[in-house]
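Protein chains: 2
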Amino acid sequence: MEALDYHAEERRKAEFDVEEMKIAWAGSRQAYEISDRVSRLVASDPVFRKDNRTMLSRKELFNDTLKKAAHAWKRVIELRLSEEEAGKLRFFVDQPAFSDLHWGMFIPAIKGSGTEEQKAKWLPMAYKMQIIGCYAQTELGHGSNVQGLETTATFDPHTDEFVLHSPTLTSSKWWPGGLGKVATHAVAYARLITNGQDHGVHGFIVQLRSLDDHLPLPGITVGDIGMKFGSGAYNSMDNGLLRFDHVRIPRDQMLMGVSQVTREGKYMQSDVPRQLVYGTMVYVRQKIVADASSALSRAVCIATRYSAVRRQFGSQNGGPETQVIDYKTQQSRLFPLLASAYAFRFVGEWLKWLYTDVTQRLHANDFSTLPEVHACTAGLKSITTSATADAIEECRKLCGGHGYLSSSGLPELFAVYIPACTYEGDNTVLLLQVGRFLMKTVFQLGSGKKPVGTIAYMGRAEHLLQCHCEVQRAEDWLKPHIIVEAFEARSARMAVACSKNINKFPKQEDGFAELSADLAEAAVAHCQLIVVSKFIEKLQQDIPGKGVKRQLEILCSVYALSLLHKHLGDFVASGCITPEQGALANEQLRLLYSQVRPNAIALVDAFNYTDHYLGSILGRYDGNVYPKLYEEAWKDPLNETVVPDGYHEYIRPILKQHIRVARL
Amino acid sequence: MEALDYHAEERRKAEFDVEEMKIAWAGSRQAYEISDRVSRLVASDPVFRKDNRTMLSRKELFNDTLKKAAHAWKRVIELRLSEEEAGKLRFFVDQPAFSDLHWGMFIPAIKGSGTEEQKAKWLPMAYKMQIIGCYAQTELGHGSNVQGLETTATFDPHTDEFVLHSPTLTSSKWWPGGLGKVATHAVAYARLITNGQDHGVHGFIVQLRSLDDHLPLPGITVGDIGMKFGSGAYNSMDNGLLRFDHVRIPRDQMLMGVSQVTREGKYMQSDVPRQLVYGTMVYVRQKIVADASSALSRAVCIATRYSAVRRQFGSQNGGPETQVIDYKTQQSRLFPLLASAYAFRFVGEWLKWLYTDVTQRLHANDFSTLPEVHACTAGLKSITTSATADAIEECRKLCGGHGYLSSSGLPELFAVYIPACTYEGDNTVLLLQVGRFLMKTVFQLGSGKKPVGTIAYMGRAEHLLQCHCEVQRAEDWLKPHIIVEAFEARSARMAVACSKNINKFPKQEDGFAELSADLAEAAVAHCQLIVVSKFIEKLQQDIPGKGVKRQLEILCSVYALSLLHKHLGDFVASGCITPEQGALANEQLRLLYSQVRPNAIALVDAFNYTDHYLGSILGRYDGNVYPKLYEEAWKDPLNETVVPDGYHEYIRPILKQHIRVARL
Ligand SMILES: Cc1cc2nc3c(=O)[nH]c(=O)nc-3n(C[C@H](O)[C@H](O)[C@H](O)COP(=O)(O)OP(=O)(O)OC[C@H]3O[C@@H](n4cnc5c(N)ncnc54)[C@H](O)[C@@H]3O)c2cc1C
Ligand SMILES: Cc1cc2nc3c(=O)[nH]c(=O)nc-3n(C[C@H](O)[C@H](O)[C@H](O)COP(=O)(O)OP(=O)(O)OC[C@H]3O[C@@H](n4cnc5c(N)ncnc54)[C@H](O)[C@@H]3O)c2cc1C
Ligand SMILES: [Ca+2]
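The listed protein sequences derive, respectively, from chains W and V.
Going by the working numbering, the first residue of the first sequence is number 1130, and it counts up by one from there.
Going by the working numbering, the first residue of the second sequence is number 1130, and it counts up by one from there.
Watch out, some of these pointers could steer you wrong.
Within a straight-line C-alpha distance of at most 25 Å, the following computed DSS-like cross-link-like pairs (lysine-lysine) qualify [claimed, not checked]:
#1 Lys1248(W) with Lys1416(W)
#2 Lys1785(W) with Lys1240(V)
#3 Lys1248(W) with Lys1785(V)
#4 Lys1785(V) with Lys1240(W)
#5 Lys1569(W) with Lys1579(W)
#6 Lys1151(W) with Lys1695(W)
#7 Lys1248(W) with Lys1142(W)
#8 Lys1608(V) with Lys1188(W)
#9 Lys1257(V) with Lys1416(V)
#10 Lys1785(W) with Lys1196(V)
#11 Lys1250(V) with Lys1203(V)
#12 Lys1757(W) with Lys1188(V)
#13 Lys1240(W) with Lys1481(W)
#14 Lys1188(V) with Lys1785(W)
#15 Lys1250(V) with Lys1785(W)
#16 Lys1695(V) with Lys1629(W)
#17 Lys1785(V) with Lys1196(W)
#18 Lys1395(W) with Lys1250(W)
#19 Lys1188(W) with Lys1257(V)
#20 Lys1636(W) with Lys1785(W)
#21 Lys1678(V) with Lys1142(V)
#22 Lys1395(V) with Lys1179(V)
#23 Lys1151(W) with Lys1678(W)
#24 Lys1188(W) with Lys1675(V)
#25 Lys1608(W) with Lys1675(W)
#26 Lys1240(W) with Lys1395(W)
#27 Lys1250(W) with Lys1785(V)
#28 Lys1151(V) with Lys1481(V)
#29 Lys1785(W) with Lys1695(V)
#30 Lys1608(V) with Lys1695(W)
#31 Lys1196(W) with Lys1203(V)
#32 Lys1675(V) with Lys1608(V)
#33 Lys1179(W) with Lys1695(V)
#34 Lys1188(W) with Lys1678(V)
#35 Lys1188(V) with Lys1203(V)
#36 Lys1203(W) with Lys1785(V)
#37 Lys1179(V) with Lys1633(V)
Hint data in this document are derived by calculation from the structure and do not stem from the laboratory.
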C-alpha cells in the first residue's frame, strides 16, 4: 500500500536534492544524523505525546511536564546519550521544563563565574542532576536593569557566611524558570555588602529546598508566579518567585571566579579577567538565535504546506481552485519568512564559530574584539527574535481561519516563543546598546582606531557615504557585492546621520536620550547587514548537492531584497539607491518568488521535522488536512455530550422565557 | 481615608479636561452616560467576574459563559434595557458568547435578506430569544470564497421543500459561533438548486435543535470544532461544525428578500434591488472598526499606565529610577498606538454616519456611492484590525516580562482579538478588493466619471502627481492641508504607478495577479489617507472642554507623522516629499511625543474603562501593581501545595539517582 501523500506532486517539482539540503540546513552530516535519529526517537515514544496539551489544566500540564522531563532523563541515561544528543532530546520533546534552565543557565553560570574549586564541587552533582538548579536574577521590580537588583547578600565575618535577604516586596525574585516548584538550588544574584559597603550585584549558589523532602529551607518563601500567555505553551514551566528572610550560606558559595570576598570580608578582584564572563553571554545568545531559526522554520513549514493544500477561488470550468500559495500576495508574505529561516540558520551557525573564536581570544587575554562581539550578539538576538515572533503570527494569518485552531500548532508556537523578545535582554534595550556601540565607532573614525569584525565596513565610511548604487536592470540586484554595498551604505549613512544629530545637543547624553528611536533604527540596519553578509559568505563556501546552492542563492536574494523593500525609506532617503532602483528591486523580487514557488514544499521538507515536532494538522507531511481536522474536533471535551452541561440551568430558561425566575 | 492612587501626580499633570475628553471619546454625552452606567453595573456584579478565566478548563469556561449570557439576559429584562444598553452590557461582560452571533449576525441577516413576512415571523421570536440563531456560512473547505461553498439546498417541488445536504467532508459548516452547542437555528448558506440548475449561494433559515430537549434534529450532525488560540479568550465561544444529511425545510425558509423560488421551483429576482444587502455589510464592518478602537485603547491603556509605574535605570544619587514612559523609544512605540486608538474611534464614528447615509440612499434607489462605500469599509476593516492586532502585542512587549503574565490581561486580549483579521473577510483579500477599486477609478479617470466620497481626491490626480510638498521647517508638518496633500499624493502616485505597471501586461488579469502585492500596498495607502482625513475633519468640528481639541490635534499629528515615518519609502520614492522633509517630520514627531507625555495617563483615563473591563493588574487605575501581582501569583493551582504533585514519581527519582528503576 502506498503512503498517502497529497504533496507528492509538489515534491516532484523540486529542482534540487532535498537530502543534501537537509544536511546544509543541519550544518553537517553528523548534526543531521543526530537530529534525525533523536527526533524520531522522541516522536515514537508515547510518553512524549503532546497533541492534547492545550486541553490540560495547569496542574495536569505541569505534571505531564515533570513526567516528560523524568522520562527524557531516563532515556538519556539508558541510551548513554552524549551531551549534544541529550540537548537535542530536550529540544524535540518541545515542552519548556525546569531542566532547560538547569542545563542552559545554572550550569553555564557556574562554569562561567565559578572558581576551579567551585566547579569541581558543584558541577559533578549538577551533571548527575543530584541537584537541580535555576538562574535567579530578575526581581519583581528589576529585570533589564540588573545593577538595580535589591536583594542583598551581606557578609557576616563572625560566622563566615553571607546573609541573603529580600528587603522589599519588589526585591522578590520573579520569573526564574524551574524556581517555582522544582529547583533545589539557585544561582541567585544579589548586592554584595561587606563592611557596610555595597559592591554591586554578584552571583551566589543557594540551596532552596531540602534534598530529603523538597520542602523550602528555613527563611525561604517560594512559589509559582501563575499563568502565562496561552494554553499549554510556557505554562509547563514553573517560573517562580522567591523571598529570602535572612538566609545564611557559607562564604564559599559566592561565585568567586572574577571577584572574591576574603575570610576577613575584604572584597578583591581575582587575577582572572572580568571579561571572561562574556563567554557565557555569547554562548547563550548564539543559542537564542539558533532557536529563532527553529521556531521560524517550524511556522513557515506549517504555513507553506497548508498554503499548497488550501485552494480558494479561481476554479475554471469546474476544475480545482487555485492553491493559495500561487497568489502573489501569499508569496510576498510567506517567502521572505522562508528565506529568513535559512538566513537565521546560517547566521546562527556563524555565531557558533564566533563563540569558539571569542573563547580562544579570552583565554589568550585578547579582549580587543569584545565590544564588537558584544554588540553583534546583542543585535542579532534582538532582530532575529523580533522577526521570528512577528513571523509566527504572520504564518498563522496565512492559514486563514484554520490557523486560529489550536490544532494548527501555530497558537502554541507563538505563545511559547514570544518571551524570547524579552528574556536575555529586552530587544529594545539591546538595540540601544548596539546603537551606542555604533556611535562610539563613528566618533572614533578619525582617531586611527580601525573597526574590526562585523563593523569593519565603517572603516570605509568615507566611500560608503558617497557611493552610488550601480543597479541598472532588475537582475543587477542579484549580484552579492551590490547588495552588500547597499546595506553597508544604508547602515553607515544612518549611523553617521545619528551621530551628527547627537552632536547638535549641548550634552551628548541628551542627544543619546532624545534620538534613541533613531539609534534603534540604525542598530537594526547594522544587524540586518550582518545577517545578509553572513548568508552571502555562506554561499561562497562549497555546498554540495544538485541545485542546493542555487536554491540558497535565490533565498539569499529574497531575504535581502524583501528587507530592502520593507525598509525602502532608509535606502532611498539616505540616497543609497534611487527610487527607480528600488522599483527594480521589487520587480526582481517578484521574479524570485516565481523561482521559489516550485521548490517551496521541498525547501520546508529540508528542515526534516517530524509530524510530532511540528505538532500541526495543517503542517502534516502528507497534507491530509481536512479529515484530520474533522477528527480532531470531536476530541474536545465539549463534545463529550450532545447537550452541553448547563443547558437546563442557562439555555432552556432563556428559550422558555423563564429567565426572570431562573436561579442562576 | 484617601483612596490609593499612584498615578495621582500623573493625573495632575494633564493639560486638558478629562471629563470632556471622555465625552469626545464616547461620541456624545448620552453615549458616555450609558457606557459609564452599564460598565459599572457589570463591574459590580459578581456573576460577571472574569479574573479566574484563564485557569478554567474548556468545559468550565463554557459553562461560565452560558451562565454569564443567561445572567446578562436576565439583567436586560429586569432592568428593561434598551437595545443600545443591552449591546453595551454584552460588550462590557467581555466574554465571547453565542449571543453575540444571535444579535450581531443572525438577526441582521434576517433583517437584511428576509421578506417582510419572514421578518414578521422570525424577528419577534429572535428578539425574545425564543429561538437562538447563528450565522453558518463558512465551511471546512471554503471561507474567503463564499461563492465556492459546497452545501446544497435542492428544491423538491413534490413537497414544496428544500433539501439541505453536505455532499463532501469539506462542505461541513465549520467556524460559525454559537453553532457548536447552543444555537437552535441558523441562517445557513447553501447553493440553491432548482430543476437541476445551480443558482449560486443563498441563505436559509434552518432549525438545528429541538426546542424541547435541545437534541439535534434528524439528519443534523453538529458539534464544537475544538480549542482555539489562548486560554480563556475565544474558547468561551462554541464555534461549531455542522453536517446536513438531506434535511428538509419548508420553501418559505429561504431568505427571499432579494431572490425567490416559486411554488413551481422557478427562480426569480424580487423587485427589491440586490444591493440592499450591502447595508448589512456596512453595518457589520462599522461595528468591527468600533471594536478595533476598543481593543486597541484597552491595550494602550494598560501599557501606558504600567509604563508610568515601571521604573528602570537612571537613578541619580539614590533617587527613584526613570519611569520607562520617559524613554523616547518607549514613547515612539507607544504614543502612535495611543493616537491610533483615537483615530480609529473617530473613523468608526464616521462609519456610523456612512451607514445611515448609505441606508437612506439605498432606500431611495441611489446606488451611486456603493462601490466607493464597499471599498472604503472593506479597507478600513482591514487596516484597523491588522493595526490593532499588532498593537496589542506591541503593548504587551512594552510591559517587559510582566506583560507575558495572564494577569497583565494582554495575552487574552491578543488571543481574543486577532481573529478579527480573518473573519468578515480575510484582510489581504479585502485589500485586494480595494486595490481593484482603485485601479478601476484610475482607469476611468479620463472618462469624465467623477470619483466621489473618500476617493474624490483621485479627481485631482493630475495635480497630485506633480505637486511638491511645501514643508520647510518641522512645524510646517502640523498644518492639516500639508498632511492631507502628502497622503493624497502618496496614494494617488502609488495607484497610478500600479495601473501603469498593470497595463504593461498583455492581459490585464495577469497584471492584477502579478502585481497584487503592490495593489495591496496602494490600498493601505488609500485607507490610511481616509483615517487621517476623517481625524482632521473631526477637528474642524466644535469640540468643547478646556484643552481637549488641542490634545486631539496633537494626537492627530502623531498619527499622521508616525505613519509617514513608518512608510517613508512610499512618500520619498514617489517624490511626494524630499528626504529632508522626511527628516523634519521625524523631528516634529519627537517634539509631539514630549507634548503627549504629560497628558498620557489622562488620555487613557478618558477611555473611562473600569478595572473590571480592563482585566489587567498592570493597567489598574490606581497603579498599585506590585502587591497585586504578588497576591495574584499565589492563586495559581500549582501553589495549592508546597511540594508539587509528581514530586515522588518524577523529581525525587532524578535527585536520588533512581531514575533507571523508576516506574514512569
Ligand atoms: C518567559 C520568561 C522567562 C524568564 N526566565 C528567567 C529566568 O530564568 N531567570 C531570570 O532571572 N529572569 C527570567 N526572566 C526575566 C527576564 O529576564 C526579564 O523579563 C527581562 O530581562 C526584561 O526585563 P523586564 O521584565 O524588567 O522589562 P523592563 O525593563 O521593565 O521593560 C519594560 C519596558 O521598558 C523598556 N525599557 C527598559 N529600560 C529601558 C531603557 N533603558 N531605555 C529604553 N527603554 C527601556 C523596555 O524596552 C520595555 O519596553 C524571564 C522572563 C520571561 C518572560
Ligand atoms: C474566531 C472565528 C470566528 C468565526 N465565526 C464565523 C461565523 O460565525 N460564521 C461563519 O460563517 N464563519 C465564521 N468564521 C469563518 C471566517 O469567516 C473565515 O475564516 C474567513 O472568511 C477567512 O476565510 P478562510 O478561513 O477560508 O481563509 P482562506 O481564504 O483559506 O485564507 C488562507 C490564505 O489564503 C489567502 N487568500 C485566499 N484567497 C485569496 C485570493 N483570492 N488572493 C490572495 N490571497 C488569498 C488569504 O489571504 C490567507 O492568507 C470565523 C472564523 C474565526 C477564526
Ligand atoms: Ca486551560
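Hint check results:
| no. | hint | verdict |
| --- | --- | --- |
| 1 | Lys1248(W) with Lys1416(W) | holds, 22 Å |
| 2 | Lys1785(W) with Lys1240(V) | holds, 23 Å |
| 3 | Lys1248(W) with Lys1785(V) | holds, 21 Å |
| 4 | Lys1785(V) with Lys1240(W) | holds, 23 Å |
| 5 | Lys1569(W) with Lys1579(W) | holds, 12 Å |
| 6 | Lys1151(W) with Lys1695(W) | violated, 29 Å |
| 7 | Lys1248(W) with Lys1142(W) | violated, 54 Å |
| 8 | Lys1608(V) with Lys1188(W) | violated, 58 Å |
| 9 | Lys1257(V) with Lys1416(V) | holds, 23 Å |
| 10 | Lys1785(W) with Lys1196(V) | holds, 16 Å |
| 11 | Lys1250(V) with Lys1203(V) | holds, 24 Å |
| 12 | Lys1757(W) with Lys1188(V) | holds, 23 Å |
| 13 | Lys1240(W) with Lys1481(W) | holds, 18 Å |
| 14 | Lys1188(V) with Lys1785(W) | holds, 24 Å |
| 15 | Lys1250(V) with Lys1785(W) | holds, 18 Å |
| 16 | Lys1695(V) with Lys1629(W) | holds, 22 Å |
| 17 | Lys1785(V) with Lys1196(W) | holds, 16 Å |
| 18 | Lys1395(W) with Lys1250(W) | holds, 23 Å |
| 19 | Lys1188(W) with Lys1257(V) | violated, 42 Å |
| 20 | Lys1636(W) with Lys1785(W) | violated, 75 Å |
| 21 | Lys1678(V) with Lys1142(V) | holds, 17 Å |
| 22 | Lys1395(V) with Lys1179(V) | violated, 53 Å |
| 23 | Lys1151(W) with Lys1678(W) | holds, 12 Å |
| 24 | Lys1188(W) with Lys1675(V) | violated, 53 Å |
| 25 | Lys1608(W) with Lys1675(W) | holds, 21 Å |
| 26 | Lys1240(W) with Lys1395(W) | holds, 24 Å |
| 27 | Lys1250(W) with Lys1785(V) | holds, 18 Å |
| 28 | Lys1151(V) with Lys1481(V) | holds, 19 Å |
| 29 | Lys1785(W) with Lys1695(V) | violated, 55 Å |
| 30 | Lys1608(V) with Lys1695(W) | violated, 28 Å |
| 31 | Lys1196(W) with Lys1203(V) | violated, 46 Å |
| 32 | Lys1675(V) with Lys1608(V) | holds, 21 Å |
| 33 | Lys1179(W) with Lys1695(V) | violated, 41 Å |
| 34 | Lys1188(W) with Lys1678(V) | violated, 52 Å |
| 35 | Lys1188(V) with Lys1203(V) | holds, 22 Å |
| 36 | Lys1203(W) with Lys1785(V) | holds, 13 Å |
| 37 | Lys1179(V) with Lys1633(V) | violated, 57 Å |
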